[in-house]
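Visitor: Okay, here's what each chain looks like letter by letter:
There are 2 protein chains.
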Amino acid sequence: MSGAATAGQQSPLAIICGGGSLPLAVAKFVSGRGRPVVLFPLRGAADPAMVVRYPHHWLRIGQLGGFARLAHAAGCRDVVFIGSLVRPTLWKLRPDLKALLLLPSIMAAYRGGDDHLLSGVSKIVEREGFHLLGAHEVAPEILVPEGTLGRVQASDRDRADIAFGLDYLRATGPFDVGQAVVVAGKHVLAVEAAEGTDQMLLRVAELRTGGRIGAPAGSGVLVKSPKPAQDRRFDLPSIGPLTVEGAARAGLAGIAVVAGSTIVAEPGQLVQAADRTNIFVIGTPAGPER
Amino acid sequence: MSGAATAGQQSPLAIICGGGSLPLAVAKFVSGRGRPVVLFPLRGAADPAMVVRYPHHWLRIGQLGGFARLAHAAGCRDVVFIGSLVRPTLWKLRPDLKALLLLPSIMAAYRGGDDHLLSGVSKIVEREGFHLLGAHEVAPEILVPEGTLGRVQASDRDRADIAFGLDYLRATGPFDVGQAVVVAGKHVLAVEAAEGTDQMLLRVAELRTGGRIGAPAGSGVLVKSPKPAQDRRFDLPSIGPLTVEGAARAGLAGIAVVAGSTIVAEPGQLVQAADRTNIFVIGTPAGPER
Numbered sequence: 002m003s004g005a006a007t008a009g010q011q012s013p014l015a016i017i018c019g020g021g022s023l024p025l026a027v028a029k030f031v032s033g034r035g036r037p038v039v040l041f042p043l044r045g046a047a048d049p050a051m052v053v054r055y056p057h058h059w060l061r062i063g064q065l066g067g068f069a070r071l072a073h074a075a076g077c078r079d080v081v082f083i084g085s086l087v088r089p090t091l092w093k094l095r096p097d098l099k100a101l102l103l104l105p106s107i108m109a110a111y112r113g114g115d116d117h118l119l120s121g122v123s124k125i126v127e128r129e130g131f132h133l134l135g136a137h138e139v140a141p142e143i144l145v146p147e148g149t150l151g152r153v154q155a156s157d158r159d160r161a162d163i164a165f166g167l168d169y170l171r172a173t174g175p176f177d178v179g180q181a182v183v184v185a186g187k188h189v190l191a192v193e194a195a196e197g198t199d200q201m202l203l204r205v206a207e208l209r210t211g212g213r214i215g216a217p218a219g220s221g222v223l224v225k226s227p228k229p230a231q232d233r234r235f236d237l238p239s240i241g242p243l244t245v246e247g248a249a250r251a252g253l254a255g256i257a258v259v260a261g262s263t264i265v266a267e268p269g270q271l272v273q274a275a276d277r278t279n280i281f282v283i284g285t286p287a288g289p290e291r
Numbered sequence: 002m003s004g005a006a007t008a009g010q011q012s013p014l015a016i017i018c019g020g021g022s023l024p025l026a027v028a029k030f031v032s033g034r035g036r037p038v039v040l041f042p043l044r045g046a047a048d049p050a051m052v053v054r055y056p057h058h059w060l061r062i063g064q065l066g067g068f069a070r071l072a073h074a075a076g077c078r079d080v081v082f083i084g085s086l087v088r089p090t091l092w093k094l095r096p097d098l099k100a101l102l103l104l105p106s107i108m109a110a111y112r113g114g115d116d117h118l119l120s121g122v123s124k125i126v127e128r129e130g131f132h133l134l135g136a137h138e139v140a141p142e143i144l145v146p147e148g149t150l151g152r153v154q155a156s157d158r159d160r161a162d163i164a165f166g167l168d169y170l171r172a173t174g175p176f177d178v179g180q181a182v183v184v185a186g187k188h189v190l191a192v193e194a195a196e197g198t199d200q201m202l203l204r205v206a207e208l209r210t211g212g213r214i215g216a217p218a219g220s221g222v223l224v225k226s227p228k229p230a231q232d233r234r235f236d237l238p239s240i241g242p243l244t245v246e247g248a249a250r251a252g253l254a255g256i257a258v259v260a261g262s263t264i265v266a267e268p269g270q271l272v273q274a275a276d277r278t279n280i281f282v283i284g285t286p287a288g289p290e291r
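Same order as they appear, the protein sequences are chains A and B. Take any residue in the first sequence, count from 1 to its spot, add 1: that is its number in the working numbering. Take any residue in the second sequence, count from 1 to its spot, add 1: that is its number in the working numbering.
Treat identical chains as interchangeable: a pair holds within one or across any two.
SDA-like cross-link-like pairs, simulated, lysine to any residue; straight-line CA separation at most 20 Å:
1) Lys-29 with Val-52
2) Lys-29 with His-57
3) Lys-187 with Asp-177
4) Lys-29 with Glu-267
Since the hints were made in silico from the structure, they are not lab data. Note that this is a predicted model, so its numbers are computed, not measured.
Working from the sequences, and respecting the hints, build out all of it.
Guide: Given below as structure tokens:
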């Protein structure tokens, strides 16, 4: 299915938009290549100011019937999910009739991990006759390249922490848990699960303030990596300027992500934030034996 | 060294006491068997009311020279560390001359993970001519037995979560990270690292309140397990009534620990709390292929 990027190339691309700046970036890159886009911003998540430049239809989460009808009518065959989305409580979904008919599948998806949730949604969208593509397949510009972003470089000690963190994430990948860990001096300070990266960085900042962390300020690395079994079409790890601010507040030296498998939001502001806070941001090679 | 429990049986046992009720429990069990004890309560950690029943000498953390002199003078050969101890910041240690001479070793211990910290301290104590024993070696009554504590039983779904959590902790053991994880419906909700179990449970409670957790209230298990490479003499996982209260606030179904490798503080109050909050507490078999 991920090879379907070439199918229906000239049909308008349906972009289901969560929060943040990424949906607009993807819309820009795709329409810049001459492919029309139709945005489906999600109420409570997407920024209203962002969507006005493109044809768009507001959706509630759970309004699957509405989406399918509108997207089919617009001639869309390919669908992309992009943007942040806080996992909603079920009673907030207010499903329409079609979503209600699919509720057993959605419930089953909810009971699993995040991977199951997303691949469940993916199956549902595909059952409606669409191809689900990864945002990076239609807009590869949003991926972190290999090498350092900004001017701060990782030290040898930082590189040892990065290798340790990647090993850790590889060991826990099969358990469908978070994609991030904070390592300092080859000591795991925090592991991300349901709370997300920003909350984890906040915790490290608090532990540091409370004197619970032996490593000195200005040391330690946030390491993010896709899970091995992850469906990369719509669940790649991502970073942005707020991640850099969070790492700085946590007293870290920098951030390492896997090049070509990590989405970056607002790269210009991210580099500015990194240079200002003296945080390195590095895209490490994706090598098969990492 | 862990076979040294029989050596120097009649010499007074030196008990370095951190916070909580465990130091007194160990002192009771040991002296109940006719072996004299000398307590070394740590300032800022141990409860002053607790130590008055036994010969005791207050210590500051870092006051290693004082400890060695007093313990040798009391005829002690075996030493036990027991009780809670928040990892102090280095500047709070106020080391005495002997500890100052050993500062490079202590610093090196600090830079590693908790295991390295504790095995570093162990080496230092042994360099002073003492045997460091596990509290459970001199007072096996403090270990969680196999089976259910209290009247609430784990369901089959809970048992699947327990097996999943134990698998996860086995996979991460080599990384010297925390000893605990929260699992619901085979989904990892939280992983403990530097923050400790109580803080992790608080996080799960907050995630639940915020609607960030799909699993319904009353499901999910806190699973604790010793790290495979852990020095079991003085770093076994522990639970107590507060752990039960935390699990209840986090909306979990129960707590699973490894029988014979987990210390329980205040078992009577723990069982009361478990029955009152409808939380199961189970000691699972330690089997080699868990």
